[in-house]
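Peer 1: Take a look at the letters that make up each chain.
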Amino acid sequence: MTNLVSVRDLRVSFRLGKTRISEAVRGVSFEVPENSTVALVGESGSGKSVSAMSIVRLLPDNAIVDPASRIDFGGRDLLTAPIDRLRSIRGKDITVVFQEPMSSLNPVFTVGFQIAEVLRLHLGLSSKQAADRVVELMTEVGIPEPKARVDAYPHELSGGQQQRVMIAMSIACEPKLLIADEPTTALDVTVQRQILELIARLQDKHRMSVLFISHDLGVVGEIADHVVVMREGRVRETGPVASIFSDPKDSYTKALLACRPRLDVKPKRLPVIDDFMAGGGRPIVVTENRVARPQEAKPLIEAKGLSKIYRLKTGLFARKSVPAVQEASFSLWRGRTLGVVGESGSGKTTIGMLLMRLVEATTGEVTFDGTDLLKLTDAQMMAFRRRIQIIFQNPYASLNPRFTVGQILTEPMKIHGIGSSDSDRFERAVSLARRVGMPADSVHKYPHEFSGGQRQRIAIARCLSMQPEVLICDESVSALDVSVQATVLNLLLDLQDEFSMSYLFISHDLAVVKYMADDMLVMHEGAIVERGSAEAIYDSPQHEYTRKLLRSIPTGYRAAS
Amino acid sequence: MAAIAETAIAEEPTRSQGVWSAAWRRLRQDRIGVFCLGVVVAFMVMILLATVGAIAGGWQLEKGVPYAHPTFLGERENVEAKSVDLAAPKGPPVDISDIDPLAPKYDEWKKRAKEIQVSSPPRSETLPFGADRWGRDVLAKSIKGAQISIFVGVFAAVMATCIGTVLGATAGYFGGRAGDFLEWVYNVFTAIPNILLIFAFAAVVGRGIDTVIVILGLTGWTGIYRLVRAEYIKHSSREYVRAAQAIGASHAARMFVHILPNVSHVILVQLSLLVVAFIKSEVILSFLGLGVPIEMVSWGTMLAEAQTELVIGKWWQLASATLFMAVFLTAFSLLTDALRDALDPKLR
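These protein sequences, in sequence, are chains A and B.
To convert, note that position 86 of the first sequence is 88 in the working numbering; the numbers rise steadily by one, no gaps.
To convert, note that position 198 of the second sequence is 189 in the working numbering; the numbers rise steadily by one, no gaps.
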């Protein structure tokens, strides 16, 4: 098998400010053989995207590529190729599919026009020829009613269909190499499955190579032939997919494989990267299973017939009702975790918002310790705000960038009159920061000085400052890297034991919910379609939608299946 | 920089730095910012001294000959200063005492005039920055003018910014009925041509510096209102504001403690633009006779006078006023830029 692309000793650094230089890729070498799928796997900051984009030289202006680096494609070094030659390669021989289909399509042109543009530029087709070919391509990538959708604008298509359009554009010129940069990360799990199958089918049909970039080993195991594991700008391990998954050599690869929650076991504590890196390759694996706290006689929170209906103005007098949540009823017991799963638009986030009264419910009641929360005035609600807290999805957005961590942690205490004086509150903030695993001097720093995982710890500490009884985790680990996810999940479990808090754990990630939850709700289009204990739902799903969801979970590499 | 940060923490071991004290620490590290702060402070001190009369108190004294040259130009011929003599009739005097009915009185008047001591101070040929048409010192005028112009510009801009920020924050944060009402007010204010609005206000409130400030403040808030409103709409749905709501922070706390520091860059840039614009507006108002009263001087009135002087080649009053204005406005703009950067903890 000959190599289509070979990357040799690639070094890329970025100029930051006048004097600072940060190294992103530190001597990376790998090959992409013809007619095969190579996956670059790594966490954020591993340099996987920078390595892949160096092939088409789509790097920011402040990037410096080391002159000794070489990227061979068709016997020529792409890094030194003149820009004209590169332009004829980009979009024709090597094409790219990006993560966000919504922002990689131009919103003011129809999708048909955008696909045809590639054909006209690279193959010199006339408008008429291009129009016919566009319909063929859209049929090939599985867009329903392609003739009608040619004149659609990107916003008229769903996320999955937009990504199909992007893929149609990238295969339009029969490329030799398709670079797919996290193409399914922004998509729902059922759509992700369809897109993965589409890419695999196209790769096989057109006999092209695919360079697949992902942080998710589960996805990679399904699609790749070869895997390159990267960390901090270096290749940790490379090999055929079977050996990476069944017999990983590198401790980092082992850690990555282990720290993802699995569907079959539920250990007390998830293994984290440090266990593997520090323990000299022999990790401390906790095999003891986690036992759920038994249900008390009465649930702490009981929601009955909770609905939220948005009324949209569609005309002068016309109103359209869009139900976000319909007739949701559920109970949350002290010290237990209720998992809520569903795809985007299923109303799972709205449920959390309704409990917090960050969004006002249309109908229904929420009884918390005997009080109906939805009937309280704002002033009465204050006492309950302290008892129900929420951790948001995006730790980059949920902390005020102009507050120091100390201010972030003391503010809730000030509002609720916790602590006798400012210095007492500050002492508490320091000990809270320590409790969630942050250094004590972090109280003087600003959120942007911390990584995503650390920021999520700060957000958790902010909630803890009010000693809540219920904690709503709204996709709280979804934006985090796999290894960081494990440490945050471990922290949440420890805190639950320590303070016997109840969690409402909302996520689209079925494996994470399976690991965290004792009881579960499955939501689809605003309605709860299935409920029960987590084990029961995963072992014998009753509803058709639940079965579809569970089938879509990336399973990773399965030998000879 | 790290060392500075560490000492700052070491000084305050128990308390976290507030937004403003941290901003001050960062501003001190910005050399241009500190220099501009120095210039602005110097101007403020100058204004203060001018207000209490310690300097430029005698700006109305006619110290030099009309259109006295700036000192550095030296003793060039000053044609206008001698024009008084040139206007006198030439040729031998003609005796017309026999037909002049007042002739017998002349001697008596001369005698009485001699009894009154007229002390005309010596007029100098040159002054540091030259003199205007009446021989008033341009430097003193510029300093006294700075007092009025900066006072008007800064106060009116601060007033307009406050109005715009509070209304914009309210409209953007609450939206709904309050937002609609404020939009309506905004529309009314922007629908009327600016100069007409200013005339209308001036006609009602009368003339004076305070009037100019009020007029400019009440009419100039619209641009900043729109920008602040847009920022508040954007920020009020952000997760950190939601998080503040979740911990029970009040509306006012969310508006002014959480969001305001995050939109302060917009407000500061607008403030500096408004100061510049209002100093210029004051010129226009003064020119139209609605600005500062006649017995006062501002950069605006100086520029208005300079128009006629420039035609006969007397450029120093224009140059002096422009120089003062340029130095102050540049320093002020750069200072607000530095302040904006200092308020952003992400920029170090």
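To be clear, the hints were calculated from the coordinates, so they are not data collected in a lab.
Glycine included, every Cβ here is placed at the ideal spot set by N, Cα and C.
Hints should not be assumed to be uniformly reliable.
Quick list of in silico lysine-lysine cross-link-like pairs, DSS-like style, CA-CA up to 27 Å [to be verified]:
no., chain 1, residue 1, chain 2, residue 2
1, A, Lys315, B, Lys337
2, B, Lys225, B, Lys337
3, B, Lys225, A, Lys20
4, A, Lys447, B, Lys337
5, A, Lys416, B, Lys101
6, A, Lys447, B, Lys101
7, A, Lys322, B, Lys337
8, A, Lys94, A, Lys130
Computed footprint of chain B on chain A, listed as stretches where at least three residues anywhere in the stretch have a Cβ under 8 Å from a Cβ of chain B [as the list claims (entries may be wrong)]:
no., segment
9, 29 to 38
10, 70 to 84
Peer 1: Hint by hint, say whether it matches the structure.
Peer 2: Hints versus structure:
no.: 1; hint: A:Lys315 / B:Lys337; verdict: violated (40 Å)
no.: 2; hint: B:Lys225 / B:Lys337; verdict: holds (20 Å)
no.: 3; hint: B:Lys225 / A:Lys20; verdict: violated (32 Å)
no.: 4; hint: A:Lys447 / B:Lys337; verdict: holds (11 Å)
no.: 5; hint: A:Lys416 / B:Lys101; verdict: violated (87 Å)
no.: 6; hint: A:Lys447 / B:Lys101; verdict: violated (86 Å)
no.: 7; hint: A:Lys322 / B:Lys337; verdict: violated (43 Å)
no.: 8; hint: A:Lys94 / A:Lys130; verdict: holds (20 Å)
no.: 9; hint: 29 to 38; verdict: violated (count 0)
no.: 10; hint: 70 to 84; verdict: violated (count 0)
Checked against the numbered hints above, the structure breaks hints 1, 3, 5, 6, 7, 9 and 10 and satisfies the rest.
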